[in-house]
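Enquirer: For the sequence shown, the working numbering begins at 718 and goes up steadily by one.
These are calculated hints, taken from the structure and not from any lab test.
Hints should not be assumed to be uniformly reliable.
Unchecked claim - Pair by pair, the computed Cβ-Cβ distance ranges are:
#1 A1540 / T1341: 21 to 27 Å
#2 A1052 / E1195: 43 to 49 Å
#3 A1121 / L963: 37 to 43 Å
Quantities reported herein were computed from a predicted structural model and do not represent experimental measurements.
Glycine included, every Cβ here is placed at the ideal spot set by N, Cα and C.
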Amino acid sequence: MALFKIGKRLQSQTSAPQPLSEIPTPQAPSETSDLQPPSETFDPQPPSEISDPQPPSETSDPPPQIEGFIDILDDERIVGWAWDPAMPERRVVIEVACGERRARVVADRDRADLRVAGKGDGCHGFEVCFDLRGIGPVEVRDAATGAMLPGSPLCFDPLHLLGLPGNRRARALLRAEAEHARLALGEPDEGAEPARPGYATRARLETLLATDASEYEPVHLVTRYLAYRAELAHRPVPPGDPAGSLAALQRYLAAEGHRPGGLPLSPPQIAFLNAPMPRFGLAPEVSVAAYNAIVDARPEASDFADPAALREALFWWCTEGAPALAPDGSLITEAQVRLLTRGATPNASYPLNDFLRTYLSRDPALAPVTGGGMLERALALCILILHCARAPALARFLPAAATAEILAPAGTDAGSRFEALLALALEGGPEPAQALSRQLTESLAAQGLALASPRPPAGHPGTAPALARDPRISSGLEPGIAVIGPVRAASGIGQATRQSLAALRAAGRHPAILDYRGDFPSPLGGPDIATPELRRPRTINLVHLNADTLPLALAEIDARVFARSYNIGYVFWELDQVPRAHRLGLDLLDEVWVASAYNRAIYEGACDVPVHDVGLAVEPLPETIPGSRAAYGLPETGFVYLATFDAFSFIERKNPLGLVRAFLAAFPKGSPEPVHLVLKTQNRTSVDDPHQVGLWRTIDALIARDPRIRIIDRTLPYIDLLGLKQSCDAYVSLHRSEGLGIGMIEAMQLKRPVIATAYSGNLAFCTPETAFLVDYTLVPVRPEAYIAVEPGSRWAEPSLPSAAAAMRAVYENPAEAQARAEAAAQQVARAFSPAAIGRRYAARLDAIEAQLGA
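Taking the hints into account, I'd like the entire structure generated from these sequences.
Expert: See the structure below:
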C-alpha cells in the first residue's frame, strides 16, 4: 500500500538536475480552516516512487465501497484520491478525523494519472489541510459511508509509515543505502581492545606535518612532507621564499589531490587555505583553496560575481573538490556552509536545506526522497547520515536540530529513531542497525566529526585527511608481524617482499600482508601469495619499501596500521650517500633492516636507529623449470651470456652498454667463437628520460651491427624468467652498484657461472670462489645518471679489459666455471635459504619482542 508520491517538479530533476539556486524552497502550509474548497489549479501528481504502485483492486468478495489512496501525508496536509466505482459520477466527500477534530473536502480535483488508470473522468483527487503533528491516529474515510481509505487509520510517525506493507520500495531503498555504508565502513571491530598500550613509534603524522621555521619563515606552509614531495618531483622549495612556498603548496594540491584518502595538511596550511581569497570583489565564502580549485578544474563556473554561479561553484567545491583533498571537510569553511544551507522549510518535520535537496536531486537513485511528505524527508535524512560513511564532509551540512531529533531515542528497544528505521529496512532486528550506527559514529569521531553538529568539535586539528580509514582494517593491536610492500609486483622490491614472507614462515611466524605499491611503476606479475591479508594491526610491521616511499605510505595507509606498532623498514639503496629525499622516511622508522654489509654501512651513517643486516632469502627452485632456448627465441647452439634488469632501474647503474662493449671486446665481430649476448629487460618503451633514451639508442646502434646480440623487452612470470636463465650458459652483471643483486643469486641457484662487478651489495655472496669478479674504479655519479644523486656520491666503473677477460675465462675454462658455479649454489643453499634467513629474522624479532614485552 503506497502512501506517498513525488511531485512533477522534483521528478524532472532526476533527468536534468537543477542548479542549486533554482531549487525553490518549500513553503509552509497556509493557516486556513481545516475544510478547504477544491482548487481549480491543482497540479496532478504521478504515482509514488518510493512506495509500491497501487492499481485498482479487482477483488470482488466483498467489493469495495470506494477505491482510493493516500498519496502524501505531511505536517499540515493530506493528499490523495477517492472514487466510487458503483457511482462514477459521485464526488466522494473525504472526512479526516482525529478525536473530536474533523475536516472535510470534496474529492473533485482533476488528475491525469486517474484518467489514464480509468478512474472515471479523473476528477477524484483531494487535498486537505489538517495539522497532524503531535496527535494520535488519524482516520481518512468516505464521509457518506464511513469506508476507510487504504492505509487508514494513520499515525504521523515515520516508524509507523515505513512499516506499512505498501512501503516495501522505501524500505528497500534504505536497506540498499545501509549496505553501501556498511561496505564503506568495512567490517566492525570484533573483540575488546587489548590492554597493551602499544609502542611509541616514530611513524607519526606529526613528523610529516612538522615545519622547519628557520628555513621556511615566515609563512609556515612548507611541511616536511610537502618539501619531500617537491624534492621527488625535482622542484625543491626555495628556502626563505614565501612566493615559492605558496607556489609549492598550490602544485602539491593540484598534483596530489587525486590520491585516495586525502592529503596530509597541517593546521597552518588549512588555516591559510580556508582564509578568504584576497581579491577585490570576491565574496568571503570564496576561500583560497576553493578559488584555486574552481578556477583550475571548472573555469566555466568561476563567475563569482553571479550569485547563482557562485552557489553552483561552491556546491562543486564542497561535494567534490574539498573532500578529495580533505575528506573530513576541514577545507570547507563555515561561511560556505552557511551560504549553501539556507532555505530550510520553516516548522516542517525533518526539514532539508537547499544544499541537501540539491545533493539528493543529483543522484537519480535518490529521486524518490527529494519531495513529498514527512516520511520522504525522514528517509532522506537517514540516507544522508548513511552517506557520511563514504562522504564524511557531508556531516557539515546536516541540519543540527533535525539530525538530533532523528538520533534521539525512539522509545523502543531499537534505540534511536534512526536506528529503528534502519532496523525496519534491514529486517534483522535492532542489533545490526545499532551496530552500523555505532560504527558510523565512531568513524566520524575518528575524523573529528559528529552527527548533529554543524562543525568539527573544538580543537579539531584539521589533520584527518591523512588519517582516512581503510574499511579492510579494524582497530586494536594483536601480537605478530605484518609485511607491508608491493607483494604482487614484478619487481626487485616485490620479489624481496615475497622472500621475506618465505623466511618468516620458515621461522614459524605467521605474517599478514598489506599489499602496497605506492608510486612504483612496475607491473603486477608476482605469484599468488597464500598469506592472509592484514585485518588488524600487528605489534611489528616489516615495511618493504625504499626510504623515499615510506612517507607516502604513512600518508596513504590507514594510520592505525602504524600508530602503535614497532615499524621496521627493509630498505635498499645503491649509492654510497643516502639522498635527502630519504631522510624523512628514515625518521619515521624504529629500526632499519638491510640485506648486505654494504647497505648497513650506508644507513648506519644516515639514521639514528638500529640498523641490522639480516640478509635476504631466495626462493627454492621449483622441481621442474619449463622452457627451452627456442621458447625465448635463442639459438639452439652456441654459448649464451645473459643479463637481466628492469629499465626503470636506470641503465647507467645496470650498465648494459658497458656489457655490450665488454662482449665485443672479448669476442670481436667476426671472431670464430659461437657466442651470443642476451639483454633481458622490461619497461624499456616506458622510459622517457632523455639521457636514458640516448643510451638506449647507442645500445641499439651497436646491436644493429652485430646479430649475436639481442634484446628481450617484456615482463616474464617468475618461472619463465628462471627458464630463461637456465637456458643460458653464463650470467653477467657489470653493474655500477647494487643493493644486493637478486638476479645473480638466482643464476647461482641454477649453477650458472656468474660474472659480476666486485663492488657493493653483491659481495655478500660473490667471492673469488663463487664468481668471476670484475675490477673497477670508484667514480663520481653524474646527476643525470641516477635519481637523487647527492654531492660526493660515487659508484664503480667496471674495467672493460677485466670484464672482457672474465667473459673469455668462463668460455675457455668450463671446468673452472662449473666449479665456481657449484660452490656458489652450495653457498646460496646454505646461507640464503628461507630457513637460514628465517633464523636471522627470528633472532632479531625475538629481541624486539622482549624489548616490547610482547
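Enquirer: For every hint, state whether the structure bears it out.
Expert: Now the hints, each set against the structure:
The hinted window of 21 to 27 Å between A1540 and T1341 holds, with their beta carbons roughly 25 Å apart. Hint check: A1052 to E1195, Cβ distance near 45 Å, so the stated range 43 to 49 Å holds. The supplied range of 37 to 43 Å is met by A1121 and L963, whose beta-carbon atoms lie about 41 Å from each other.
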